[in-house]
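Visitor: Based on the hints, put chain R in the right spot on chain L.
Keeping their order, the protein sequence lines are chains L and R. Mind the numbering: the first sequence is residues 1 to 233 in the numbering used here, read in order. Mind the numbering: the second sequence is residues 1001 to 1233 in the numbering used here, read in order.
Some clues are possibly wrong.
Claimed, not checked - Partial list, computed: chain R residues near chain L (C-beta under 7 Å):
id	residue
1	M1139
2	F1185
3	E1195
Keep in mind that the hints were calculated from the coordinates and are not lab data. Cβ atoms here follow ideal geometry from the backbone N, Cα and C, with glycine treated the same way.
2 protein chains.
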Amino acid sequence: MQKRRLLLASTSKIHGQDYMAYLQTELPDFFQGIKTITFIPFARPGGITFDEYTTVAKAGFAGTGIKVMGIHEGDIAENIENAEAVFTGGGNTFLLVKTLHESGLMQPLRQRILNGMPYMGSSAGTNLAGISVGTTNDMPIVWPPSLKALEVIDFNINPHYLDPDPNSKHMGETRETRIREFHKFNTQDVVGLREGSWLRIEGEDIFLKGEHHARCFRQGQKPVEVPPGKLIW
Amino acid sequence: MQKRRLLLASTSKIHGQDYMAYLQTELPDFFQGIKTITFIPFARPGGITFDEYTTVAKAGFAGTGIKVMGIHEGDIAENIENAEAVFTGGGNTFLLVKTLHESGLMQPLRQRILNGMPYMGSSAGTNLAGISVGTTNDMPIVWPPSLKALEVIDFNINPHYLDPDPNSKHMGETRETRIREFHKFNTQDVVGLREGSWLRIEGEDIFLKGEHHARCFRQGQKPVEVPPGKLIW
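Same shape as in the complex, but just chain L (with noise of 0.2 Å):
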């Protein structure tokens, strides 16, 4: 994984800012030199449709200069082939990989990543990165082939990551709780990338970025809080 680039964001925006204006400092120094990316808007957040979702992605990167197009302006796997960037966006995780899996762009998408063009995620997009999606926060409105996702990282992530509020009076499990469950079933670690986090990949050094620490997750260990800066514990 050495030619690797990526920008794996928790989420799209941080509350009371605007869509992804938190990360205007760091989109154009990561998409450096990229004209055009590739959105993929398969996650369909609320619902809306491919064409109204890569609006929303348009207007997000308005202001770098670079433009943006839907992979699904055309043929898609042509697109994949020819992307100099690819964008995926939150929404519906398990609608996400459904479309790609059904779709057949899972591998190519892979191979594309494993070859050095830089990929971005945010939310949904961002769990896609990971080994599978099985730490996803999402419903899941659809059932997909499979949980299997890119793995152009080797453990998973949860985005959104939420720390247990202890005013709460609910029952449901805490986010913490859901993930020492999956590790019942499951080897890989777990990142939890709380809003207002990202991670920036480059081959194999992996920086976490943003104001917050990161809550890992190792199988059979105490979670580990990490502060930004060279991802390692």
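Guide: Chain R alone, transformed into the frame defined by chain L:
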């Protein structure tokens, strides 16, 4: 479905109370005449074993004079055929459904319920009664062969239904947003059962019990708040 008898609880306990304490008046009424309940521990909250979970359920029924046995104690298929009543506990819905499908129990259990055997569920066990478990809140820590559920009611349930928190700065989807997304791809009604609510179903009659309203979602319509009593909307 004239013979069905169901008790479907949103949660096994409410904040600050013991396991099933809030159901202590309902349980003896629903299970009148039943000597032994067969417990399905497959949802394994926190990844505990079938035996450990069955011990929890036994303690929950200790005050009722009703015996509890785990479905895994002896031959599972025979235990379903001979059960006087079944209770499926909460935990991880994906794990529950996977174990039921893989052990071939889904159809036999469904038939017993349609023939009048009393069925109780809480949380994941309540989800299980619906058309699918596509409205679960759980993390897909394992991957079942299908999301199809018992279909002993003609709608889906969202247990632990949670109203939006107006003070939250978290950008994850609200429960209502998730259910609206579900309805972009699925047609069945969804009943959001708040913690402390349960459904008591006798044949064709469905009653909402407990102190809360249920929030009921129909595809293409505005959600409706339905008060305790006969569930009609």
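Visitor: Hint by hint, note whether the structure agrees.
Guide: Checked hints:
1. M1139: 4 Å, holds
2. F1185: It holds, given that the least Cβ distance between F1185 (chain R) and chain L is near 5 Å, below 7 Å.
3. E1195: 6 Å, holds
When each numbered hint is compared with the structure, no violation occurs for any of them.
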